[in-house]
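Trainee: Sequence:
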Amino acid sequence: MGDGSPEELMDFYSILLINYGHQNWWPAETPFETIIGAILAQNVSWTGASKAISNLINAGLLEPVKLAQENTDNIAGLIRSSRYYNQKAQKIKVFMDWFLQRFDAELMLMEKEPTNSLREELINLKGFGPETVDSILLYGLNKPIFVVDAYTRRIGKRQGWFDGNLSYNDIQDFFMKRIFKNVPLYNDFHAQIVRLGNKICKPKPNCNICPVKKEGKHILCVYGCNQIIE
DNA sequence: GACCAGGCACATC
DNA sequence: GATGTGCATGGT
9 MGDGSPEELM
19 DFYSILLINY
29 GHQNWWPAET
39 PFETIIGAIL
49 AQNVSWTGAS
59 KAISNLINAG
69 LLEPVKLAQE
79 NTDNIAGLIR
89 SSRYYNQKAQ
99 KIKVFMDWFL
109 QRFDAELMLM
119 EKEPTNSLRE
129 ELINLKGFGP
139 ETVDSILLYG
149 LNKPIFVVDA
159 YTRRIGKRQG
169 WFDGNLSYND
179 IQDFFMKRIF
189 KNVPLYNDFH
199 AQIVRLGNKI
209 CKPKPNCNIC
219 PVKKEGKHIL
229 CVYGCNQIIE
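Residue 223 in this note's numbering sits at position 215 of the first sequence, and the numbers go up by one each step.
If you're looking for bench data, these hints aren't it; they were derived computationally from the structure. These numbers were taken from a predicted model, which means no experiment stands behind them. Some hints here could point you the wrong way.
[To be verified] Here are the computed lysine-lysine pairs in the BS3-like style, where the Cα-Cα straight-line distance is at most 27 Å:
id, residue 1, residue 2
1, Lys185, Lys151
2, Lys134, Lys120
3, Lys101, Lys59
4, Lys134, Lys151
Take these sequences, add in the hints, and give me the full structure.
Mentor: If you want it as structure tokens, here you go:
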């Protein structure tokens, strides 16, 4: 169990990188696709979100002006696989209204906005919490901001880095104070955490399939089986 | 059939 | 501020 030093965090990342390879996030063709994808990916498996995005693309709607003009019910019908489809259709509408009014559908203008003020504006949109906003900033707009999710919290607690009931912002600060602010690093660090947590180690009492090894020994498990900690 | 996946808003105490 | 609930599909 570690002290959460910068060196330990980078060691942790290196082990994941060696075991899993670079994750190549975000799997999207355009920044706009990433932004809509961040909404659709809320609390759902990536396969579900991905199908919803494909449906929008096939309907010719993954383009700002067209998506803004489409009615909410039609969008909801296309994104059923992403779960909470009525709420998410509404969130897309909220975003499009703000985006068109604020930036005249020009993504370039949005990208030039200072990170902090942009984060504030986005987080004030209904349906946009810190994780969704930070995903948009990092993966859509290439801003150096660390994304925190449930896995990040669980793993950090398990590793002894911080208390599990810290706030989102406190956990984000923890990482950003210790990891060099580098967009590709923040990108893949979060992706590796998700890769680690995403259905690889099942929450079984006697789990022995935890995937990450160092010198032949399992070293971590996001679900807390007690037999593999170094 | 149970469980959970790349959250968030809102009500209530 | 902590805790509980609605949202409501699809893969394992």
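Trainee: Please list, smallest to largest, the hint numbers that this structure does not respect.
Mentor: Going through the list in order, the structure violates no hint and respects every one.
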